[in-house]
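Novice: With the hints as extra help, turn the sequences into a complete structure.
Residue numbers (this note's numbering), protein chains in the order written: chain A, 8 to 411; chain B, 8 to 411.
Read the hints as simulated data drawn from the structure, not as lab findings.
You may find that some hints are simply not true.
To be verified - Just so you have them, the derived chain A footprint on chain B, three or more residues with Cβ under 8 angstroms:
1. 56-65
2. 159-170
3. 243-249
As the list claims (entries may be wrong) - Over the 10 angstroms line for every Cβ pair with chain A, so calculated as not near, a few chain B residues:
4. ARG93
5. MET105
6. SER296
7. ASP338
8. LEU371
Note that CB positions come from ideal geometry on N, CA and C, so glycine has one too.
There are 2 protein chains.
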Amino acid sequence: MSGGVLEGVRVVDLTSVVVGPVATMNLGDHGADVIKVESPDGDLLRRLGGMSRCGQLSPKFLHMNRNKRSIALDLKRPRARQALERLIASADICVSNMREAAMERLGLGRDALEAAYPRLIHCRLVGFGDGGRYAARPAYDGIIQGMGGMTAIFEEADGRPRFVPMTIADHVVGLVAVQQILYQLYRRERTGKGGTLSVPMFENLAAFVMSEHMGQLTFEPKRGEPGDRRVLDPGTQPIPTKDGYICISANTDHQAHALFRAIGRPELCEDPRFATVQARYANVSQYFSLRNAALGERTTQEWLDILGAADVPAGPSHSLMSLLDDPHLSDVSLFELREHPYEGMIRNIALPGRAADLARSDYLPPPLLGEHGREILSDAGLRPEEIDAMVAARELVTPEHGLS
Amino acid sequence: MSGGVLEGVRVVDLTSVVVGPVATMNLGDHGADVIKVESPDGDLLRRLGGMSRCGQLSPKFLHMNRNKRSIALDLKRPRARQALERLIASADICVSNMREAAMERLGLGRDALEAAYPRLIHCRLVGFGDGGRYAARPAYDGIIQGMGGMTAIFEEADGRPRFVPMTIADHVVGLVAVQQILYQLYRRERTGKGGTLSVPMFENLAAFVMSEHMGQLTFEPKRGEPGDRRVLDPGTQPIPTKDGYICISANTDHQAHALFRAIGRPELCEDPRFATVQARYANVSQYFSLRNAALGERTTQEWLDILGAADVPAGPSHSLMSLLDDPHLSDVSLFELREHPYEGMIRNIALPGRAADLARSDYLPPPLLGEHGREILSDAGLRPEEIDAMVAARELVTPEHGLS
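Specialist: In structure tokens, the structure reads:
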């Protein structure tokens, strides 16, 4: 009894690394029973992204795989494939990020699944959408960032492309995948019908970036350059203070004028270059440079006090370390200590904003590879001697085989 | 008859700028009837983010406000507030990003809404979650990026904090808002009950970044530094070629070894510094620098051909301009030309991955300020003379008042 909104919904998760796992964890966080199906080697992320005490639970893996149970099956073997088939037969949702050819070899091609399980919602995470010439290509976050415009906006701003230093395409498309699954789940509740969803990373990231930065290319014929110049201006940065950095958002005339007064330049409120939103947009570089020059004269905390009193929105540029100690996050217990059976005490990231009781009430620690294989197959109706035989043959890999 | 999965679901949208509008557009894209309630001045985004032909439909506004109808009400006036009350009484979902005090002045505080409309799903977009000390503060994308760790990861990588040059906190939290609304809609379908959702920007962005970069701070006591060093390494960048930039993801041993052979360094496959995932992680700077040195010797297209043949995942680093011309995106019609009644031909960004028919089948062009005010109030049961009186008193602002 998970207690979340998806209690009673079963997910078979055939994904690994980031985009799939963050999506299925979200479903698990909201109460679904998520069965993470891994190869005998396990999800690559278990060993990627930092060290762990037991050797297979990297910090990133820990943050993307709570509220799931793990089963490790060698899907090259017929009995393992049959076991997977049983799990899918019992599932409401299947999420995959294997290429279609690999799914077909497992007997899990989209047509086969639709025919056998009309209530199943099958979410295919793909790099590139069906019907386009890159459809068969694999996808990786860095390539999607590069092709999807994320690196381009740094090139526009700084003259040189740059990745966001996190797997942001994976995280964004993971959110889109959850959304698409929930739309389909809502439809199924009303019609009884499942179906296949394809969530392409490239198209989704391109839409995400271009909705902000298509700029004058929006018009046909084009009326000018792409990009929102205000956001792309090289001066749109955390601003150095005497001892660190501060972020300020003074968008409306009211806020900008309050900022001018706070930095001792009240005459700028009347200056035609800076008096209005449109004027500041047209003269954004000058605006930012005079603002930044003034802010170097005091510490971050001094400015936060002055700007807070003047009702100018501002905040610090946190480091990863100071973020962890932020007092507001402490008030809302975003980072909560949990006892992990194999890693000791770990800092879990709670689901933000739990007011509506959508989240599950229990907590399943991120699992070892194959930790729940026996119980999952037993629940699926396999007899103990069948399960023992699969373990002996390493068709089912469990922690009994030893941590590698 | 929109034809989408949310056909028959009505949304009253009290948001402006980015985070709310992207969320409600997504609901509209999936068939909901979204009523965008604006002040007589209109959504700030109408004039922010680039020029438009008619003066109130900036490119960013166009990309975040299709599939909505607009009504402009002066909510300082009692008849306008009564009209809004009627709209909310007919709604399934209300999305707001006003501060709670402003909502209470309109008689729309969370307790009042819950008491009056038990089936209503009220999604409150807030900067900072309830129960924390910043709860009353307004939120802006730049401040949330700074406080939520997005600028910190650039500081970790480059020694200086930087914003992602788009309003990425708004876009990410917009996706979270849709997700939370859909969870609640699914619950309502089963229980009949609505409820209030609070979606805090700060907590959500912090969770988004820290799930990737909490690193060794995940453990208590801390075992080392935050951050995934492989992702944060300054060498994790699009790589300069002879004529541009290329992105390469060679994560597995198989891919990395294929890359070593492709750049003419097969001996590295056996080199203990680079032979395995763990070894490359430990020697990431050396790994990236020798890789990057080799790639400068040919053009992007030459490398794409060589690496494609070797099955090493790679792609170009698109510019915003070349992204628009990408042939795969053309195959799938991501950017589609639409006739807009006031702007001429515009490039709309289609909803990616439309296979499951979740999307609406019609298309409502982004509206002028107040364009649908008369029809919305007429549908809500107001008599023509009542509506005329509100227009005459500028309680209801419509295009008849002239484009400003």
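Novice: Which numbered conditions among the earlier hints are violated in the structure presented, ordered from lowest to highest?
Specialist: 7
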